[in-house]
Structure formats: structure tokens, C-alpha cells
Amino acid sequence: MDFGLTETQELIRVSAREFLEDRATTTTVRAVADGDTEAISSLWNEIIELGWQAMTISEEHGGAGLAFSDLAILLEELGASLAPTPIVESSISSWVIERYGSDPIKSELLPQIASGGVLITPAFVERDASWQTESTKVAATRSGSDLVVTGEKRFVAFADQATHALTLVRTDDDAPTLIVIPIWKAEGVALTPLDHASGVPVSSLTFNELAVPEGNIVATGHEAVRAAEELVAAGGVARAAQLAGLGRAVVDATVEYTSTREQFGKPVGTFQAVQHHLADMAIAAKQVNHLVHAAAWSFSRDGYSKVAAAQAKIAASDKIANLCWTAHQCHGAIGFTWEHDLHLYTRRALAWKTDYGDSAFHKSRLASAIGL
Amino acid sequence: MRFEFTPEESEFKSQLSSFLDDALPADWHGPADESRDDHWELNQEIKKGLAERGWLVMSWPKEYGGADSSPMMNTIFAEEMAYRRAPGHDRFGTRMLGPTLMRFGTEEQRTKYLGSIARGEIQWCQGYSEPNSGSDLASLQTRAVEDGDDFVVTGAKIWTSLAHRADMMFMLVRTDPEAAPHRGISLILVDMKSPGVEVQPIVNMAGVHSFNQVVFDQVRVPKANLIGQLNDGWRAGMTVLNFERSGIDYAAWARAALEEIIEHVQSEDAVTSTKSDPAIRIKLAELHMEVEAARLMCFDVAWRQGKGEIPSSEASMSKVAATEVYLKVLDYGLELLGMYGVLEPGSKQALLQGRIFKMRLFYTSGPILAGTNEIQKNIIAQRGLGLPRK
Ligand SMILES: Cc1cc2nc3c(=O)[nH]c(=O)nc-3n(C[C@H](O)[C@H](O)[C@H](O)COP(=O)(O)OP(=O)(O)OC[C@H]3O[C@@H](n4cnc5c(N)ncnc54)[C@H](O)[C@@H]3O)c2cc1C
Chain V
1 MDFGLTETQE
11 LIRVSAREFL
21 EDRATTTTVR
31 AVADGDTEAI
41 SSLWNEIIEL
51 GWQAMTISEE
61 HGGAGLAFSD
71 LAILLEELGA
81 SLAPTPIVES
91 SISSWVIERY
101 GSDPIKSELL
111 PQIASGGVLI
121 TPAFVERDAS
131 WQTESTKVAA
141 TRSGSDLVVT
151 GEKRFVAFAD
161 QATHALTLVR
171 TDDDAPTLIV
181 IPIWKAEGVA
191 LTPLDHASGV
201 PVSSLTFNEL
211 AVPEGNIVAT
221 GHEAVRAAEE
231 LVAAGGVARA
241 AQLAGLGRAV
251 VDATVEYTST
261 REQFGKPVGT
271 FQAVQHHLAD
281 MAIAAKQVNH
291 LVHAAAWSFS
301 RDGYSKVAAA
311 QAKIAASDKI
321 ANLCWTAHQC
331 HGAIGFTWEH
341 DLHLYTRRAL
351 AWKTDYGDSA
361 FHKSRLASAI
371 GL
Chain B
1 MRFEFTPEES
11 EFKSQLSSFL
21 DDALPADWHG
31 PADESRDDHW
41 ELNQEIKKGL
51 AERGWLVMSW
61 PKEYGGADSS
71 PMMNTIFAEE
81 MAYRRAPGHD
91 RFGTRMLGPT
101 LMRFGTEEQR
111 TKYLGSIARG
121 EIQWCQGYSE
131 PNSGSDLASL
141 QTRAVEDGDD
151 FVVTGAKIWT
161 SLAHRADMMF
171 MLVRTDPEAA
181 PHRGISLILV
191 DMKSPGVEVQ
201 PIVNMAGVHS
211 FNQVVFDQVR
221 VPKANLIGQL
231 NDGWRAGMTV
241 LNFERSGIDY
251 AAWARAALEE
261 IIEHVQSEDA
271 VTSTKSDPAI
281 RIKLAELHME
291 VEAARLMCFD
301 VAWRQGKGEI
311 PSSEASMSKV
321 AATEVYLKVL
331 DYGLELLGMY
341 GVLEPGSKQA
351 LLQGRIFKMR
361 LFYTSGPILA
371 GTNEIQKNII
381 AQRGLGLPRK
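Line order of the protein sequences matches chains V and B. First residue of the first sequence: 1, per this note's numbering; consecutive thereafter. First residue of the second sequence: 1, per this note's numbering; consecutive thereafter.
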């Protein structure tokens with residue numbers, strides 16, 4: 001085993017941190033949470049310049065051809081900064097399209113995603129908020145060479161910014177189908193913005209007899225089920241990577257606060273009760289970090305470990321929000337205020353733990369994966 | 001042993017319950033405790049109603065307008081109020097300052113203040129914590145200097161719940177900076193309208209304005225407002241804290257939330273239900289037990305008080321158990337609501353109006369306020385179990 005980062009990964013980490021510390025401060029995070037969509041697009045435009053959206057897209061299709069584990073390093077930094085930007089949405093979508101799409105759709109879409117011309121986000125869950133493929137009800141009826149799509153997808157992140165949605169639908173013959181739907185200012189698409197704890201735009205998307213060319217189909221039938229499964233697994237690991245970074249940032253901030261806040265004539269960090277809280281937090285953050293690296297590493301051209309992917313998301317979901325609550329306890333009243341940034345991390349952690357399958361969902365997947 | 005209420009207690013509980021049926025709006029879900037600012041009118045109305053029925057200060061002696069009710073009765077009152085998420089409870093006046101005045105106040109002070117608390121007329125707030133004095137309260141720095149018939153107060157209090165609504169504050173000030181920390185503190189009563197008092201609102205992480213910073217710039221306070229002896233305020237001030245430290249509100253809030261969650265998972269709207277996953281039944285049952293365990297801790301405190309004991313360690317235990325179980329219930333509620341759990345109140349498509357999320361944020365304060373749970377555990381270990389301090 002080798003727990004170390006490659007040179008590329010070190011470089012990604014350092015340059016991402018440098019950029020984000022400057023460009024994605026909590027001032028930006030708060031502005032976006034208050035509805036400033038300008039702030040999202042200006043940050044996204046800078047990120048496009050850096051090429052982060054193209055990281056895991058193959059060189060053949062205009063990307064950098066880096067590994068999922070390289071992406072995970074970037075996502076940790078994005079998580080630590082709470083950057084309000086759709087890298088996970090975009091990367092996971094392109095990842096799935098590259099693995100399951102036909103050659104024409106790959107050559108059509110991937111270069112545009114890589115160049116930033118297309119911003120794509122997954123639209124997966126419906127009213128029952130389930131990441132189970134079987135839950136898909138949004139209907140696609142064949143009409144000539146089009147699929148006519150009707151129904152509602154919920155909790156779509158950055159739907160108001162995205163040009164396209166990678167959507168799971170069910171066709172007339174009851175086949176799950178993964179399809180790319182152009183949504184930007186499209187007729188037949190209605191957005192219902194939600195007030196979401198993540199502090200980034202999340203909406204429900206309603207399709208009303210929207211005609212989508214069949215050339216936009218990525219996969220259908222069994223392939224679509226496999227693609228959807230990988231989308232949830234990769235999305236879960238991506239969120240887990242962000243949660244790992246977020247957890248580390250909260251541990252660091254809490255170490256710093258309790259080292260300087262004095263009561264009884266000494267830093268509160270000298271009390272064992274506080275030290276043990278921090279030790280528990282540090283253990284949790286490390287465990288999540290290891291599981292995320294193991295899971296991200298398992299993603300290759302040919303497949304991924306279902307066990308590792310589920311483990312990473314379970315741990316991240318269960319441990320990181322808890323870690324944030326403990327951080328509140330260590331901060332006392334100051335960490336309970338709106339003005340203090342800690343609740344921004346907590347809100348984000350709570351939101352991310354439900355994304356791409358919550359802990360219960362992945363426990364059930366893990367149970368199946370280990371033969372239970 | 002007897003694990004049921006007496007007929008008299010049950011009768012009172014049902015009277016209070018039907019009073020609340022009328023007093024609370026039909027679709028009332030709370031959340032509310034008296035420190036919140038979002039239901040102030042209702043708070044005042046219910047407080048008056050409780051006062052008219054003599055319930056607000058039921059546990060006070062008859063001579064001060066009370067009914068000499070047992071601590072058990074008082075706990076039943078607090079439990080029912082919290083269970084219904086009813087505003088109108090006056091913790092600061094009735095539970096904290098009143099009993100302190102009875103013990104440490106002069107005859108004149110009792111006449112002046114107790115009646116208005118009993119009638120629910122005056123809102124009090126508690127000025128103890130300071131920016132640099134939280135857990136280590138005895139280090140407080142707000143100065144009161146004697147000047148003729150007055151004290152002149154300068155400094156800042158923080159996290160003062162309801163200061164923006166309060167008429168009066170009971171506060172701890174430093175009157176002898178030379179003495180050992182505990183020996184130079186006095187307890188005084190301050191009119192919030194005095195010149196030089198400035199209340200600066202602080203919004204909490206749930207987006208609610210419930211507490212404040214209060215800055216004192218050479219505020220003149222008559223010496224007649226000193227409670228107890230000069231420089232002996234620590235003793236009187238700590239008495240207040242003993243009344244503050246009960247977990248019953250949290251235990252009752254936990255029960256209310258658990259019932260709401262159980263009802264929800266069995267409803268049509270539920271995204272995860274007991275039908276879809278048997279493990280949910282098991283977890284809900286576990287929480288049901290935990291809530292009852294915390295509740296019994298609180299009633300044990302009341303029972304001991306009724307026998308004339310001062311159950312310090314038991315009160316700390318009840319505070320820790322109840323604040324923790326409430327958060328456990330809310331955490332599990334969020335888990336069951338899944339992606340809907342993280343919609344903010346007021347969001348479209350939110351379930352249970354986003355209440356569970358907002359309560360989870362708001363009650364993050366439970367294990368922090370009124371002495372953090374770490375401090376409570378120190379008390380339990382040292383005072384309760386007699387473990388060595390060094
Ligand atoms: C919602 C809310 C309402 C409040 N209302 C009021 C009010 O009306 N009036 C008022 O006067 N105050 C009020 N407070 C303040 C409250 O009493 C303090 O927050 C509390 O005493 C803790 O102090 P602190 O926040 O400064 O935390 P700190 O004392 O700075 O504590 C920080 C951390 O260090 C830990 N710690 C400190 N000392 C020790 C130790 N010896 N051993 C182990 N761990 C330790 C704490 O447990 C905590 O985890 C309120 C607070 C809140 C959150």
C-alpha cells in the first residue's frame with residue numbers, strides 16, 4: 001500500500017488551495033447562499049480557465065485524462081473551501097457519459113463539457129427522493145426520432161446554471177434510459193427553486209412534453225441501470241471527498257479556536273474534555289479520508305469497487321456532519337451565531353450527506369455487495 | 001415507589017392542556033421557547049393567561065402570590081408547556097429571579113418585584129456571560145463603581161437572551177477588582193431603559209434573533225437595586241443557576257419531536273417509512289426509551305427537591321441527558337426525511353415545514369447554554385461521584 005500522493009496530486013492540491021483561498025472565501029459562499037448567481041458564474045468561468053471541469057475527461061475528447069483519484073484530491077480542496085461550484089455535477093456526468101455513451105454522443109458532448117461550453121448536471125431523484133434506479137417514473141414516449149419527456153425530477157443542483165441535465169427516464173417499453181436533456185431556457189422545462197441547506201442553487205425540474213432527439217440517449221436497459229449505478233457510486237465518492245475536505249477544515253478551525261480561546265486562565269483546548277472531542281473529530285476525518293482515497297483509487301477505466309464506494313459515502317455521511325456538531329460544542333456560543341462561519345460548513349455537510357444516496361442507501365448497497 | 005401522577009397532578013395537567021388547546025392557534029406546531037423572538041405577541045398573551053390562573057408562579061409561597069405547589073407540580077407544568085411547544089413560559093422571572101429574591105432580597109425588593117413577575121407584567125433577562133467569561137463566569141469584568149447612592153456600570157454582557165424585549169436585567173458585576181474573583185462580584189437589577197444601555201442584536205445559526213450583546217456605558221443603577229450583600233453576589237447568582245439547570249424542557253421537546261417524526265413516517269408523505277425498512281422501527285423504539293430515561297432523570301430532580309434536597313449532580317445529569325437525547329431525536333428525524341430534511345423552513349416542497357431542520361440548528365445551543373455539558377459532566381464527576389479534582 002502507498003498512502004502518499006503523486007506529484008500530480010500534490011500539484012493539484014497546492015494550486016487548488018491557493019486559488020480557492022483567494023477566490024472562494026466564505027464571503028462568496030454567503031453571497032451565493034443569499035441568491036447571488038453572478039458570483040457562481042464568475043467563479044465557474046475562472047474554473048473553466050483552470051480546466052478543472054476537464055480533468056477526468058479523456059485526452060481524446062479534449063480533457064486532461066487524469067484519474068478519479070486525482071479528481072478526489074481537487075474535490076477535497078473544494079469541500080474544504082465550500083466553493084459554490086458545480087464541479088462534482090459536471091465531472092460525474094462526463095465520467096458516466098464517457099463510460100457508457102455511444103461514440104457519436106461522446107464526440108459531440110465531451111469536448112464541449114471540457115471546454116466549458118456545456119454545463120451538465122445529473123437529474124436523478126424524483127418525489128420519493130430515492131437514488132434507486134427502480135424509483136424512476138419520469139416518462140419518455142417515442143415519437144418519430146424523438147423521446148417526449150414528461151415528469152418531475154427533484155433536488156437538481158445548479159439546474160438554473162446548467163445547459164444540460166443527465167436524466168434517468170423510463171421509456172414506453174419500461175426500459176430505464178439515461179438521456180442528456182438540453183434545459184437552458186428550454187420550452188417545456190420549468191424550474192422550482194428550493195431553499196436548500198447546501199446554500200447552492202437546488203431546484204426541481206419539471207418536463208412537460210419535452211421533445212428530446214434520440215441521439216441524446218447515453219444508455220438504455222441494462223446498460224442504463226449499470227450507468228445509473230455508477231453515477232450514484234461515483235457521485236457518492238465525489239461528495240465523500242468533499243466531505244473529507246470539509247471535515248479536515250473544520251478540525252483545523254476548531255483546533256485553532258480552542259488553542260486561543262481562554263477560560264479559567266488557559267486555552268480551553270487544555271481541558272481533556274475538549275481535547276477528546278478534537279481527537280474524536282480528527283479520527284473521524286482521517287477515516288473518511290482513507291476510505292475516500294481507497295474508493296477513488298478503485299475507479300479506473302474498467303470499473304470500480306462497489307464495496308469501497310459504498311463504504312466511503314457511508315463514513316462521510318455518518319461521520320462528517322457529526323464532527324461539525326462536535327465543533328459547535330467546542331466553540332461554545334460564538335459558534336452558534338449566524339455571523340460565525342461554522343454553520344456554513346454544518347449546513348453543507350448536512351446537505352451533502354443526503355446527496356447521491358444517504359448512509360442508509362449505501363449501507364443497503366454495501367450489504368448486497370458483500371453478499372448479504 | 002409510584003410511577004404515575006397523583007389525581008391532583010393529573011387534574012392540573014389536563015386543565016393546563018385544555019387551556020393550551022384554546023390559547024394556541026389551531027395549526028400550532030411551534031417551535032417556541034420563551035427566548036425566541038418569532039412569536040412574541042402570543043408569548044405575552046399566554047403568559048397573561050397563565051398568570052391569571054395562578055400557574056405562572058404556582059410553586060412560589062402563597063404570600064408571594066404562588067400556590068405553594070410542589071416542585072413535582074412545577075415540573076409537570078414545564079413538561080406540558082414544552083411538550084406543546086407553547087410560548088409564554090417566563091424562565092427568567094419565575095424560575096430564576098423570583099426564588100433568588102425570596103432568599104436574598106429585602107422586604108422592599110420583594111414587594112416591588114415579585115408581584116409583577118407573578119402577574120406576568122415585567123420581562124426579565126439574565127446578564128451573566130461576557131465576551132471573555134463564559135464557562136469561567138467568575139472572571140467577569142463588567143465594573144460597577146460606587147458613586148453616591150448609585151453604582152456606575154461599564155462593560156458588556158453577551159448572549160443575553162431576550163434583552164431586546166426585556167424591561168429589566170438581573171446582572172452580575174464586579175464591585176471589588178482587588179478581591180479574589182468570586183469575592184468581588186455583586187448581583188444587581190438594572191432597568192433596561194437606563195441611559196447608557198445599548199442592546200445589540202445577535203442572530204443565531206438558525207436565523208433567529210433570540211440573544212444579544214448588551215453594552216453598558218456609565219449606566220447609573222441605584223444602590224437600592226443591590227441583591228444581597230455587596231461583593232456576595234456569587235452566592236446569590238449561583239442560586240439562580242441551580243434553578244436554571246433542569247432538562248425537563250428538552251425531554252418534553254424530544255418527546256414532541258419523536259411523536260411528530262413517528263407520525264410522519266407512517267404518513268403518505270413519508271419518503272422512508274417503517275414499512276420500507278424494519279430497522280427504522282428498532283431505532284425509533286430505542287429513541288423512545290432514551291426519551292423516557294431522560295424524562296425520569298428530570299422528575300427525579302423534582303422528587304428530590306420536594307423532599308428538601310438540593311440535587312445538584314442529578315440536575316446536571318438531567319440537563320446532559322435531555323439536551324443530548326433531543327438532538328439524537330432530531331438527527332434521526334433528519335435522516336428519515338432524507339433529502340427533504342435539508343430544506344430550509346419556507347422552502348417549496350419542504351416536509352413538516354422544514355421544522356426538524358430548524359429545530360436541529362436552534363437546539364444545537366442546548367448542550368452549550370446554562371453551563372456547557374462538559375462543565376455539567378465535571379460537576380457530576382466531582383460533586384456527584386466525588387472523584388478527585390487533582
Ligand atoms: C442560545 C444561548 C442563550 C444564552 N442565553 C444566555 C443568557 O440569557 N444570559 C447569559 O448570561 N448567558 C447566556 N448564554 C451564554 C452561556 O451561558 C454560555 O454560552 C456558556 O456558559 C458557555 O460559555 P461560552 O459560550 O463562552 O463557551 P466557552 O466557555 O468559551 O467554552 C468553549 C468550550 O470549552 C469547554 N470548556 C470550557 N471550560 C471547560 C472546563 N473547565 N472543562 C471542560 N471543558 C471546558 C466548553 O464546554 C466548550 O466546549 C447563552 C448561550 C446560548 C448558546
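Be aware that one or more of the hints could be misleading.
As the list claims (entries may be wrong) - Okay, the calculated beta carbon distance ranges per label pair:
no., chain 1, residue 1, chain 2, residue 2, range
1, V, S145, B, S273, 40 to 48 Å
2, B, I282, V, V307, 38 to 46 Å
3, B, A381, V, D252, 28 to 36 Å
4, B, S273, V, L191, 23 to 31 Å
5, B, R143, V, S41, 29 to 37 Å
Stated by the list, open to error - Below, simulated BS3-like cross-link-like pairs (lysine-lysine); rule was C-alpha separation at most 30 Å, straight line:
no., chain 1, residue 1, chain 2, residue 2
6, B, K13, V, K363
7, B, K13, V, K137
8, V, K363, B, K328
9, B, K275, V, K137
10, B, K275, B, K223
11, B, K275, V, K286
12, V, K137, V, K363
13, B, K358, B, K348
14, B, K13, V, K266
15, V, K286, B, K62
16, B, K377, B, K348
17, B, K275, B, K377
18, V, K266, B, K377
What the hints contain is simulated information worked out from the structure, not anything from laboratory work. Please read all numbers here as calculations on a predicted model, not as lab measurements. Here a beta-carbon is modelled for each residue, glycine too, at the ideal position from N, C-alpha and C.
Cross-check of the supplied hints:
At about 41 Å, the beta-carbon gap between V:S145 and B:S273 stays in the expected band of 40 to 48 Å. For the pair B:I282 and V:V307, the beta carbons lie near 25 Å from each other, so the given range of 38 to 46 Å is not met. Take B:A381 and V:D252: their Cβ atoms lie about 30 Å apart, and the range 28 to 36 Å holds. Taking the beta carbon of each, B:S273 and V:L191 are about 29 Å apart, inside 23 to 31 Å as hinted.
The hinted range of 29 to 37 Å is not satisfied by B:R143 and V:S41, whose Cβ atoms lie roughly 53 Å apart. Taken as a hint, the B:K13 and V:K363 pair is broken in the structure, with Cα atoms around 44 Å apart against an allowance of 30 Å. With a CA separation close to 49 Å, the supplied pair B:K13 and V:K137 exceeds the 30 Å bound. Note on V:K363 and B:K328: the hinted pairing holds, with a Cα-Cα distance of about 20 Å set against a maximum of 30 Å.
Proximity of B:K275 to V:K137 is assessed by CA-CA distance (about 21 Å); at most 30 Å being required, the pair is judged to hold. Taking the CA atoms of B:K275 and B:K223, the gap is about 66 Å. The hint is violated against a cut of 30 Å. Our distance criterion of 30 Å between C-alpha atoms is broken by B:K275 and V:K286, whose separation comes to about 36 Å. Our distance criterion of 30 Å between C-alpha atoms is met by V:K137 and V:K363, whose separation comes to about 24 Å.
In summary, the hint linking B:K358 to B:K348 is supported, as the alpha carbons are separated by about 15 Å, within the 30 Å threshold. Among the hinted pairs, B:K13 with V:K266 is inconsistent with the structure: their alpha-carbon atoms are about 48 Å apart, more than 30 Å. In summary, the hint linking V:K286 to B:K62 is not supported, as the alpha carbons are separated by about 60 Å, beyond the 30 Å threshold. Restraint check for B:K377 and B:K348: the C-alpha separation of about 42 Å exceeds 30 Å, so the hint is violated.
A C-alpha spacing of about 39 Å is found between B:K275 and B:K377, which places the hinted pair above 30 Å, so the restraint is violated. Straight-line distance between C-alpha atoms of V:K266 and B:K377 comes to about 19 Å, which keeps the hinted pair within the 30 Å bound.
Violated hints, listed in ascending order, are 2, 5, 6, 7, 10, 11, 14, 15, 16 and 17; each of the other numbered hints is respected by the structure.
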